[in-house]
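K.L.:
If you want the building blocks of each chain, they are given just below.
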Amino acid sequence: MRGTAPAPALMPGERMKPKWMRTFWRYRWLYLFMVPGIAYYIIFHYIPMFGLVVAFQNYNLMEGIFGSPWVGLDNFRTVFSSPDFPVLIKNTLLLSFYRIIFNMLPDLVLALMLNEIRVRWFKKTIQTLTYGPHFLSWIIVYGIMFSFFAPGSGLVTTFFRDMGWGSIDVLTNSEWFRPMLVLTDIWKSTGYGAIIYLAALAGINNELYESASMDGAGRWRQLWHITLPGVRDVFILLVILRLGSILDAGFEQVYIFLNVRVYDVGDILDTWIFRRGIEQMDFSVPAAVGVFKSIIGFVLVLGANKLAKRFGGSGIW
Amino acid sequence: MKRYSAILIGLLALSLIISACGNNNGNGNNNGGSASTDAGSGNKGTVEEKVKLNWFVTASADAQIPKGDLDFVKKTIDEKFNVDLVIDYMPLGTDFQNKLNSRVASSDIPDVFFVDGISSNQYIKNGVAREMTGLVTPANMPNYFKYWVKEEDLPKYQVQGKFARAPIPYERNYFRSYYIRKDWLDNLGLQIPKSYDEMIEVMKAFTLNDPDGNKKNDTFGFTAYGNGTNMSMEFPTYVKNGLVGDFVVEGDKFIDTRTDLRMQQTLTDTKALLDLGVVDPDWLLNKNGQQYEKATQGKAGIVLGFGKNIAFDNNAEGLQAKTKEITGNDKADWAPFDPFAETGTFIEPVPSNPFLFSSKSTDEQIKRSMQILDWLAGEEGFLMTHYGREGTEFTRSGSQITLNQEAFKANVTDNGNFLTVYQWFTPISGPEAYEIEVADPTITERDKAIVETINSYKILPSVGTSLVVKEGMDLAALRKRMNELQVQVIYDEKDASNWPKYREELMSKYGGKEIFTYYAEQVTAAQGKSITFDSGN
Chain G
68 MRGTAPAPAL
78 MPGERMKPKW
88 MRTFWRYRWL
98 YLFMVPGIAY
108 YIIFHYIPMF
118 GLVVAFQNYN
128 LMEGIFGSPW
138 VGLDNFRTVF
148 SSPDFPVLIK
158 NTLLLSFYRI
168 IFNMLPDLVL
178 ALMLNEIRVR
188 WFKKTIQTLT
198 YGPHFLSWII
208 VYGIMFSFFA
218 PGSGLVTTFF
228 RDMGWGSIDV
238 LTNSEWFRPM
248 LVLTDIWKST
258 GYGAIIYLAA
268 LAGINNELYE
278 SASMDGAGRW
288 RQLWHITLPG
298 VRDVFILLVI
308 LRLGSILDAG
318 FEQVYIFLNV
328 RVYDVGDILD
338 TWIFRRGIEQ
348 MDFSVPAAVG
358 VFKSIIGFVL
368 VLGANKLAKR
378 FGGSGIW
Chain A
177 MKRYSAILIG
187 LLALSLIISA
197 CGNNNGNGNN
207 NGGSASTDAG
217 SGNKGTVEEK
227 VKLNWFVTAS
237 ADAQIPKGDL
247 DFVKKTIDEK
257 FNVDLVIDYM
267 PLGTDFQNKL
277 NSRVASSDIP
287 DVFFVDGISS
297 NQYIKNGVAR
307 EMTGLVTPAN
317 MPNYFKYWVK
327 EEDLPKYQVQ
337 GKFARAPIPY
347 ERNYFRSYYI
357 RKDWLDNLGL
367 QIPKSYDEMI
377 EVMKAFTLND
387 PDGNKKNDTF
397 GFTAYGNGTN
407 MSMEFPTYVK
417 NGLVGDFVVE
427 GDKFIDTRTD
437 LRMQQTLTDT
447 KALLDLGVVD
457 PDWLLNKNGQ
467 QYEKATQGKA
477 GIVLGFGKNI
487 AFDNNAEGLQ
497 AKTKEITGND
507 KADWAPFDPF
517 AETGTFIEPV
527 PSNPFLFSSK
537 STDEQIKRSM
547 QILDWLAGEE
557 GFLMTHYGRE
567 GTEFTRSGSQ
577 ITLNQEAFKA
587 NVTDNGNFLT
597 VYQWFTPISG
607 PEAYEIEVAD
617 PTITERDKAI
627 VETINSYKIL
637 PSVGTSLVVK
647 EGMDLAALRK
657 RMNELQVQVI
667 YDEKDASNWP
677 KYREELMSKY
687 GGKEIFTYYA
697 EQVTAAQGKS
707 ITFDSGN
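If you read the sequences in order, they're chains G and A. Under the numbering used here, read the first sequence as residues 68 to 384, first letter to last. Under the numbering used here, read the second sequence as residues 177 to 713, first letter to last.
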């Protein structure tokens, strides 16, 4: 459409409209198409953001946002002076970093391996099998883990005991808790995570491979010089997106797997927010943590994008 | 760039207008609500309109209300009071609380709801609960006051200077007792234990001596549940060390049992017990109910049970029947016992769990709800919600009712055991209050002996009032830290010598001193003599 619609000639007597209005008129249909998308973001993302003001109030359910008293930064003071806070931050960050490192690489590796498979039916089968677990809920995954590793009656625990190899203790051991979260997450989401890389791989021009092999490049050379650069942008994009939610360490999974013996390593900001907000009906302090999380995430996304650009890649925008 | 920002500003303005409209609408609705309230009360005397009611209550985990007319209680209530009563129900626990809180937070407050004593404070403080002055009165709820609650007890139950919660009728006996596999004892030639030490010896024998004779080392002496969060109070080590119930008064001292200094010995004893390897290792991760699964699977020989009929012969969902069904062992026999039967097994119940009204409901909704509650508390409602319909599930002659078990099983038990949902308001095991006797042909001599045994246990006096957490204090944080420390002592430390230090932390850093001193003040007010709390070591 661009360029095909010439600017309408000015009618005699009509006042010269500002330039932006003319461009707006020229692309009016495109803007119209934008409206539903923008409306979605406004209604479901921007308007709820006004709710953040409860972080600066002593929020009372019955008074609502407009009736609750303002308390300035008191809620933030409560959060930052809480004895739990340093531990929560540490657990959240550690778990998030583990997830970024150990969850993104397997996704990529699986995609690369699938990409090398030439037998179609085999490739399809493996792909289906690996992304199946994505559709299980964490409750079910925990149920499976519990049946395998319950300290007394678990399948694997019992096997270990009966073989005389001593007892293993996965669910209630502080050292095992984070690896267990990461491993179950890998099991559950790797297949699904590989899909986006497979799409990127499919987009690489085949001629590149052909000419590379003409120049005598083997499989590994091709991987290094063509395939990896081909998915680099997608990888960086995902890293940036993940950094934005670095203070979300996977609430659902952690909440379900958490027990009293692993509080010291497993209690994260979100489980704390949930306990405080839903279990104790205290909304202001958790909202303050929410604001804090968003600000950190926002700064990180901006920073990561800048870095990505500086190092020669392309950022998100 | 410029044009984008212009559009952005335009859209922002639009969104502000939209949100402003939203608010106006909200206010409009509120006004509408109160207007119809006025109309409702003004219409008294004329033909009553059908009212929609929504309640949120507790029920046992297996309960499920059937669809349509199969739920004869709803049918009766709807016709009798011209309402459409929708009951939401869940077993009491964290999920119950979370669901209720989510509903309250989204302004979808049930007209009548059940909540535990301590949480009720929060709802009253936030104004979610409606004041009951002039509502819950002997004139409006005659049965409730006639049979269950004394009017003069209500002031004791008030919190924050408001009458916004009232206790649900409660059983004078918890029927809390340990149960033991008598057939296993017989196999091993042992007696029912009478003391703590004997109980431990039996646990050892149950673990090591193959009580079920299957030649496999697959049984444990005892099982319990810790929900993954806390040291279980089902361990007999608490009562052994004089820590009975949640709170007790000793002389002029208020004791919070779980943070008391004697926890050091309790933890030491529990550690020793766990080290013996006689306790089901899953106990900490077991959710409530899983301990009974272990017991009915024949994996554990002692378990703590609540409720009068938990081990009755013909309670299809109970320990006894289930164990026989699952293990296929006809000789399975759960017998009640308590090593502390002579000295005190537990504290007497206090009115603790209240019902609340929503502050958003109309007067008419509250009025009808009260009528229904009072009907539930009265003879007709009680009999229907416990025994079914007269003439179908039971027959009545004078002051005696005779149960028809087959009809009850077909119409109630096999329909999701739904009567327990309606029993939330009268969780009482028998109709003695109405001077009615139940002739239940399925009650066996063994069942009667169980009740007799449990009734013979010594029960200790309670603090006599329900307690309120001091404004601004975080009891949940204290309990969470307490649980964490106790489990840490049990599993990760070599002995319990750190407990006094931990207690100090709970009392100072987590505000235990203030919370429990405030509790002691309330007990002082209730008992009329000075009770204090000592937070020192």
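These are calculated hints, taken from the structure and not from any lab test. Treat the hints with care, since some could be wrong.
Each pair of labels, with its calculated beta carbon distance range [claimed, not checked]: (1) Pro246(G) - Asn631(A): 31 to 37 Å; (2) Val138(G) - Thr629(A): 52 to 58 Å; (3) Trp137(G) - Gly337(A): 47 to 53 Å; (4) Arg348(A) - Pro136(G): 43 to 49 Å.
All C-beta atoms in this analysis are idealised placements derived from N, C-alpha and C, irrespective of residue type, glycine included.
K.L.:
Hint by hint, say whether it matches the structure.
P.N.:
A quick look at each hint next to the structure:
Evaluation of the 31 to 37 Å hint for Pro246(G) and Asn631(A) yields a failure: the beta carbon distance comes to about 52 Å. For the pair Val138(G) and Thr629(A), the supplied restraint of 52 to 58 Å holds, since their beta-carbon distance comes to about 57 Å. For Trp137(G) paired with Gly337(A), a C-beta distance near 26 Å fails the hint of 47 to 53 Å. Between Arg348(A) and Pro136(G) the CB atoms are about 45 Å apart, so this pair conforms to the stated range of 43 to 49 Å.
When the structure is compared with the earlier hints, violations turn up for hints 1 and 3 and for no others.
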